[in-house]
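We have chain A; now place chains B and C onto it with these hints.
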Amino acid sequence: MSEHDAPTVKTADDPAFQLPASLAALSLPLCLGGLAALVVGWALGHTVNASFGMAAYLTALVYCVTLAVGSLFFVLIQHLCRAGWSVVVRRIAELIMIMIIPLAVLFIPIIASLLFGEGTLYRWDDPNYAVDNHLPMAAWAEKTRWLTPGWFTIRAIIYFAIWSALALYYYRGSVEQDQTGDKSVTDRLQYWSGPAVMLFCGATSFAAFDWVMSLAPMWFSTMFGVYLFAGSVLAAHCLLAVGAYVLQEQGALRDEVTIEHYHDLGKYMFGFVFFWTYISFSQYLLIWYGNIPEETEWFWHRQLGSWGALALILIFFHWMLPFLGLLSRHVRRNPTLVFGWAVYLLLMHFIDVYWMIMPETQPVEGAEYASMGGVFGVVSSMLCAGGMLALLTGVMLRVAQQTRVVAVQDPRLRESIAFENI
Amino acid sequence: MSLAIPNGLDNTVEQPGQRAPLVLGDTTYHDITETVCQVAERRPSTGWVIGFLISFALLQWLTICILYLFYVGVGVWGNRSPIFWGWPIVNFVFWVGIGHAGTLISAILFLFRQEWRTSINRAAEAMTIFAVVCAGTFPGIHVGRAWLAYWLAPYPSLNLWMWPQFRSPLLWDVFAVSTYGTVSLLFWYMGMVPDLATFRDRSKNKWRRMAYGILSLGWSGSSRHWMRYEKAYALLAAFAAPLVLSVHTIVSFDFAVSQVPGWHTTIFPPYFVAGAIFSGFAMVLTLMVPARSMLGLEKLITIRHLDNMCKIILATGSIVGLAYGTEFFIAWYGQVQEEKFAFTNRAFGPYWWAYWTMVTCNVISPQLFWIKKFRTTPWIIVVISIFVNIGMWFERFVIVVTSLSRDYLPSAWAYFTPTWVDWSMLIGSFGLFFTLFLLFCRLMPVINMAETKATLAKQYHMAHADDH
Amino acid sequence: MSENQEKKVHGIVAEYESVDSLLDACRRVRDAGYKKTDAYTPFPVHGIDKALGIKPTHLPWIVLVCGLTGTATALLMQIWMNAIDYPYIISGKPFISLPAFIPVAFELTVLFASFGAFFGMWALNGLPRFSNPMFTDPRFDRVTDDRFFLYVDSKDPRFDEGSVQQLFNETGGQHIQSVIDDDSSSKIPKPIFAIWGLIVAFSVIPLLIVLKMRVTNSSSPRFHVFYDMDFSPAKDAQQGSTLFADGRAMRPDVPGTVARGEVGQDMNFLTGIDMEELDRVDSPRAERLVNTHLNPLVPQDPDGNDDDEATSPEVSAQAEAAQEPSVMDTTPWLKENPLDVDRELLALGQQYFGIYCSVCHGLNGGGNGLVNRRARKILAQSWIPPSSLHQESLYEDKYPDGKLFNTISNGIRKMPGYASQIKARDRWAIVAYVRALQMSQNASIDLVPQDRREEILERQREVEQKLEEQAEAERKAEEERAKRAGK
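Protein chains in written order, with my numbering: chain A, 1 to 422; chain B, 1001 to 1468; chain C, 2001 to 2487.
Pulled out of the complex, with its shape left as it was, chain A reads as follows:
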C-alpha cells in the first residue's frame, strides 16, 4: 500500500482545474449554430406536418431533459451515499444539471403549442378527440380534468421549479465550497439529499407521465416514469464519461481522473444498461402477456412499419451489443473504449426517446399511421436534437468558464483521486 502514497492535491488555481481555452472558445459558435439548427430542424419538421415539427422539437427537449435530470440524480445520490470516488467527476455532472434552467425556457414552445394548437402535439388537446375516437364520454370527462392545457402548464412549472431549485442549491453549494473550503457545506448538502431525492422522484415520474405518456391519451403504464428514468440515468453516466474524456483530451484533469474512475463509470454504464433492459423488458412482458387492447395499443403502434425496425434496434443495440461490449474489465479500464461506448449509448438513448415520442405524431395525409417523415423528417429530428444539444453545450461552457471543472475544495477530493477498484 505504501507503493501508492496518498496523492498530492494541486492547488485550487491550478490550470488543470480550469476549463481549457480550446473548449471555452467553442461556446459562442455552439450557441449560435445550435440555435440555427434547432430552428431549421423545427421548420423542416413542419414540411411533413405541424404535428411532426412539434414532436421533433419535443423529442429533442425530452432527450436533453433526461440528460440534465439524470445528472441531477447522480449528484443527489453521491451526496446521499457520501460517495468518495466520484468527487473528481461530480462538477461535470453539476454543470450538466443546471442546464435544466435553460431547458425550462426551451419548454415554452411546447406550452405555446398546447395553448394555441388544438391537438397539434398532444391529441387530448383536440376538442373533438373523444368524439372522433368513439371514447366513452364519462371516462373522457374524468380524464380531461387532469389533461387540460392550464393544469398541464402549472404542473410543468412545478416540475421545473423543483428540478431548478435542487440543481441551483447543489450547484451553488459546491461552487461556494470552491471559494471557502468550508466543510460544513458538504454536511449541509448531505443533510438535504434525502428529501431532495424524494422530491426529485415525484417530479420526474409525473413529468414522464405528462410529457411522454399522455401523447397516447388513453394509454397508461404505472412503470412509465421508471422507464424514462432508467434511460436517463444511463445517459447521465455516459455523458459524464464523455465530459471527462473530452476535458482530459483538452488538457484538464489529466492527473485527477484516472483509469479507476473510467472503470467505475464503465461499471455503472454496464449496470444501467442492464437496469434499462430490466425495466423495459418487464413493461413489455406484462403488457404482452396480459394482452389487453387498451395497453397493447402503445406497443402495436411502435411495431408498425419502420418503428418495428427501431424496436429491434433497441433490443439488439441498446441492450445486447453494449451489454456484451462492456462485459469485460479490460474494456472498462480503457478510457478511449469507455468514451466510445458512452457516445454510442447516448445515441441509443436518443433512439429510445425518439421511439417513445415520434410514433404518436399525426399521420401525413392518406397514411394510416405516423411515419418517420421521409428524409426531411429524419433530418429534422436530428437537427432539432443536435441543435438543442449544441445550444445547451454552448451555454454550459459559458457557465463553466466562470468556475472550475472540479470541486477543488471538496473534503473528499483526495480520497477520490486516490481511489482504486478492488
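Rather than coming from a laboratory, the hints here were simulated on the basis of the structure. Accuracy of the hints is not assured; some may be wrong.
In silico DSSO-like pairs for lysine-lysine, Cα to Cα no more than 30 Å straight-line [said to hold, decoys possible]:
(1) A:Lys-10 <-> A:Lys-267
(2) B:Lys-1458 <-> A:Lys-267
(3) B:Lys-1340 <-> C:Lys-2093
(4) C:Lys-2035 <-> C:Lys-2008
Predicted model only: the values in this text are computed from it and were never measured.
Just chains B and C, lined up with the frame of chain A:
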C-alpha cells in the same frame, strides 16, 4: 441486556473527508476472532435455550399442521372460491421478500464498496437462506398433492409423456426461487469458508476440528487462493445482485401477468423488489439489534451500521409509498372501470382495515427515521422494524385477498376468513425460521471475521497515513 | 531435528505480525528473484498480488462459458419441450414465446455461472485439500486468526535454505522454520468410515425398494395412501345422494340462471304460446306454466296436468265428451316461427326430422315410417298410426306453428314429448322443416326463382319420363304375365 449506546462509541457523525471507523474501540485482529468465536464456543445462554425450545416447539406444530393438511386436504385452509390464493401465498411472498435483504446486503453493497456491510452480511445471508426455506414450504404444500411436486421439474417422464409449461409464470417462480436458494447458499457458504477455517484452527475437540475441517475444505489462507476466492466472490456478487432483482420480479409476475384488476400493473416488478428489500432490512434489524447486545457484538455491529440500515428502510419505504400513490393515480388516470373499482375497494371496501394497517406500517412508520434520534436508539429501531414487518405482511394480504375477493363475477364475491390451520402455519413458519437462525448462531461464525479484519486493516492504514 | 531432516523439506516459512511487514518482505523476496513463493494471511491483503507477482486468474472465462451454457440450455430446453416435443397452445401464446422464455433463461444463466464461479474456484485452488504440509506446525493455526506467513518453496530454482532464512531474518520474519511432511497419522478414523458406510447403506434402501417394485409383479392390489384421491367419489347421473334435501345427486339449474346457448329464449319461445295473450284469457294457467319453467322440481297442483292436456288422451277425450272447446283450441298459439327461417335452419330441421320424426312419420312426412310399417306388419293392437303431415288439418292456417311446436315438445296420443331430447331451437327448426315439407307437396312452379325453374322442370320431365317408362315396363310385364296365364 442493555440497549443503550456506550459512551464514546457513537460513530454516526462523520467528518467529511475523514471516514468514521466501522470497528470500534482499540480492537485488534485477535479481538475480532475472540469476539466472534466466543459466540459459538461458550456454553449456550439461558435466553438461547429458552428461545430455541419455543421455536422448536412451534416448528413441531408446523410439522403437525402440514401432516394434517396432507391427510385431510387443502380444505383445512380458509381458501374458498373465489379466493383460492389465501394465506399460503401471502406467507410465501412475505418470506421470499424477507429473503431478499441478505443477498442484497452482501451482493449489492459489496459491488458498491459499502464496507459497513462486513459485520452484518453473514447473519443477513443466513437469514436469507432460512427465509427462503420458509418461503419454499408454502407453494410446496399449496400444490395440493405435495408428493407429486416433482412434476414441476422438467424431467423426461415415462408416465406423463409431457413437459412443464414454460409459458406460465408459476413455473418461472419455481426456477427463480430454487436458483435463488442455491446461489444464496453458495454465496453464504463460500463467504464462510475462511471463517470456518478459523473455527477449525481454534477447536480443541478432535471431532469438532474434523467437522469444521471438512466444511472449510482445507483452507490455508494462501494468497493465490485468496486472489481466486475474491474473484469468485466478486463474480458471485455480480450474479447475485441481478438475481435478487429477478426473483422478486418473477414473484410479481405471478400476479402482474394476469388480468385481475389490481394485479395487472406494470410497476409491480420494481415495486415488489423495493418492498422486498424494505421488509428484508426490517427483519435484519429486528434480529440483529437484540442479537448484538446478547452476543456482545457492539463493537463490530455499531450504531453506524444500524443508522445506515434505517436509512435504507426509509428510502425503500418511501419508494413503496410512491408506488402505492402511482398505482392509485394511474388507476384513476387510466379510467378503466375495473381498475378504479379495485383500488377504491382496497382502501374503502371490506378490507379497509388491512389496507390502512399496511399504509400506516409501511409508509408512515418508516418516516420516523427522518429523525436521527430514532435511527440511533436501538429499541425504537426494533419497534419500527417490527411494524414494517407487519405492514409488509399486510401488503401481500391486501394484494392477494382484496383483488381475488372482488373478481369479475359479482355473484362469486366472498369474504376471506382464515382457519386455525392458517394461523398455525403462519406462526409455525416463524418457528422454523428461528430454529434455523438460533442453530446458526451457535454453530457458524455470525460475523464475517476475515472481511472485518480487512476493514480494520484499512482503518489502521488510514490512521497511519494521517500521521504523516 | 535429526528426525525432521529425514523427512522431505517442502520449503521455508516465516511469520510476520503486520500487513506492512509482510508486504515489505514479499517485495524483497520477489526482487530477490524467487518465483515459487506464497503468502498466507487471515484476510485478503490488498496489493499482495503485485508484491508477490501473482498473475490474474482465468476464472472469469470459466464463468463466462458456464453462463452461456446456461442460457443456451434454458432456451433450447424450453423450445424443445414447449414447441417441438409437446406443443400445445396456452393463453393464445405462440409455441415459441421468446418473452415468456426469458425469465427461465436468465435464472439458468445465473445458476450455471454461479456454479462455474464456485466450483471453478475450488478447481483452480485445488480445494478441498484436507492434508497440507503447512498445517504441520501448530503455529500455523494462527494464520486464520492474526498472523501472516511468507513461504518459499524448495522447488524454486533459486532455493537455498540458508539464503532464504537470511532473507526472512532481514525482513523481520519470526519463527523461521522448514515445512516438513506431516508426521501425524494420515489415517482417517474408523468411525468416519462406519458412519459414511451407514449413510450410504441407508440411502440405497429406498432406491432398491423402488427398483424391486419396478421389476416384480404382485397379485395384491396397490397400496393407496390417499384412497379418495385415487378413486374420486364422484356420483353418476342418476345416483342418489344424502347431501341434498331432494336426495338426488344431479343438480337442477340454479333458479334464475340461464344456461349456455339459451340466452334470449323467452317463455314464448319455450312454449310456443303467446304468453301475454294467454295471461289475458287464462291467467292461472299462464302463471302455472311460468312456475313450471322457473322451478321444474316443485310439483304444481294436480290440475296442472291440463297444461299440455295432449299428453293424456283421457283429458282430451273428456274434453271432447263434454263438447267443450278443447284447451288446445283456445290456447293463443304463436302464429309464426320466432326464428329467422333460412337455408341453414331448414337444413338443421331436416337433420333433426330425419333423426327423430322420420322413423314414424316417414322421410317425406307421409305418415308411413319404418315403425308404422312394422306395427302394421305385426298387427299391433293398440297402435294408433301416425298422422300424415300432409293433411289439410295440419296446415299452417289450421294448425299454427306454436301448436305444432307444442305437439313436438309434449307429444300427442301415442307420440311422446321430445322436449327433453331436442333443444327448443332445434324443435323450432323441425317446425320450419315440416312447413317446407307440406309446401313441397302442393307447391307451384311459380314459387321457384326464375333462374332455377328450368332446371327443376327438366328434372321433373326426367322423373315423369322415368315413371312413364317404369309404368310402361310394368304394364308390359303385366301383359306378359296375363298372356302366360292365358296360355
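Checked hints:
For the proposed pair A:Lys-10 and A:Lys-267, the alpha carbon gap of about 28 Å is at most 30 Å, so the pair holds. Taken as a hint, the B:Lys-1458 and A:Lys-267 pair is honoured in the structure, with Cα atoms around 24 Å apart against an allowance of 30 Å. Restraint check: the Cα-Cα separation between B:Lys-1340 and C:Lys-2093 comes to about 28 Å, which is no more than 30 Å; the hinted pair holds. About 20 Å separates the Cα atoms of C:Lys-2035 and C:Lys-2008, which keeps this hinted pair within 30 Å; it holds.
The structure agrees with every numbered hint stated previously.
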